[in-house]
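K.L.:
Given these sequences and hints, build the entire structure.
Counting along the sequence shown from 1, when you hit position 25 you're at 25 in my numbering, and nothing is skipped either side.
Wrong hints could be hidden among the right ones.
Under the rule of at most 30 angstroms between Cα atoms (straight-line distance), these lysine-lysine pairs were calculated in the DSS-like manner [what the hints assert, rightly or not]:
1) K202 / K162
2) K162 / K125
3) K134 / K162
4) K134 / K122
5) K202 / K70
6) K155 / K134
7) K155 / K202
8) K122 / K162
9) K61 / K134
10) K61 / K162
11) K187 / K155
None of these hints come from the bench; they were simulated from the model. Small disclaimer: the values here were computed from a predicted structure and weren't measured.
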Amino acid sequence: MKKFLAMILALLMVASLAACGGRDVQEPSSKPEEPSSPVEEVPETPEETPEETPAGEVDPKLTQLHEGLKEAYGENYLPSMPLDETMMSEVIGINMENVESFIAEMPMMSAHVDTFIGIKAKEGKADQVEEELKAYHNNIVENSMQYPMNEGKVKASQVVRKGDYVFMMMLGQIPDETITDTAAFGKEQMQIGLDKLEEIFK
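P.N.:
Here it is in structure tokens:
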């Protein structure tokens with residue numbers, strides 16, 4: 001009897017151990033991954049581009065002559081209305097496709113004729129520019145009616161070419177009543193501009 005009870009107890013213990021061993025053993029949960037810190041994006045440095053020459057920049061020689069004429073004539077430099085490309089084409093008759101750079105001014109008052117046009121032609125185009133500027137000049141000298149005070153200035157005016165540069169100058173002091181020989185006075189006044197032109201383009 002005692003052996004039978006001992007056998008029963010042993011069987012119960014084995015069954016108890018088997019039951020414990022059969023239970024699902026939960027593995028410890030893995031530690032949640034910490035969110036990775038965002039990578040700071042370094043802004044790209046924009047590539048530096050070389051500065052471009054401003055469009056429409058006037059040729060330095062033209063600027064030098066223009067300023068020199070204004071200084072030489074002083075208060076007697078009367079052109080005050082700048083001409084744009086449209087006026088150069090439609091009024092003066094210049095094919096602007098042949099022009100690299102220009103400065104052009106005319107008087108604002110209709111009673112005056114004072115004009116300065118300075119053009120740097122594109123390579124190989126100076127002949128055409130000179131021909132067109134001379135045609136405009138000749139039309140003024142031969143066909144336009146002038147106030148007596150302007151006759152000497154108009155007749156003394158010239159179109160001058162220096163290489164690729166072509167100029168028309170109709171400049172000078174307005175003669176007063178004490179000047180009787182307006183033609184000679186006009187030539188004297190024109191010579192001021194011609195001397196300045198030679199000085200800069202020597």
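K.L.:
State for each hint whether it applies.
P.N.:
Evaluated hints:
1. Between K202 and K162 the CA atoms are separated by roughly 10 angstroms; this keeps the pair inside 30 angstroms, and the hint holds.
2. For the suggested pair K162 and K125, the alpha carbons sit about 13 angstroms apart, so the restraint of at most 30 angstroms is met.
3. At roughly 14 angstroms between alpha-carbon atoms, K134 and K162 fall within 30 angstroms of each other, so this suggested pair holds.
4. Annotation: proposed proximity of K134 to K122 holds, straight-line Cα distance about 18 angstroms (limit 30 angstroms).
5. Pair hint K202 plus K70 holds up; C-alpha atoms about 19 angstroms apart against a cutoff of 30 angstroms.
6. As the CA atoms of K155 and K134 are separated by approximately 13 angstroms, the hinted pair is consistent with the 30 angstroms bound.
7. A hinted pair counts as satisfied when its Cα atoms are at most 30 angstroms apart, and K155 with K202 qualifies at roughly 25 angstroms.
8. For the given pair, K122 sits about 13 angstroms from K162 by alpha-carbon distance, which is consistent with the 30 angstroms threshold.
9. Of the pairs offered as hints, the one joining K61 and K134 holds, with about 21 angstroms between alpha carbons and a cut-off of 30 angstroms not exceeded.
10. A distance of roughly 11 angstroms separates the Cα atoms of K61 and K162; the hinted pair therefore holds under the 30 angstroms criterion.
11. Of the supplied pair hints, the one linking K187 and K155 holds, its CA atoms being roughly 8 angstroms apart against a limit of 30 angstroms.
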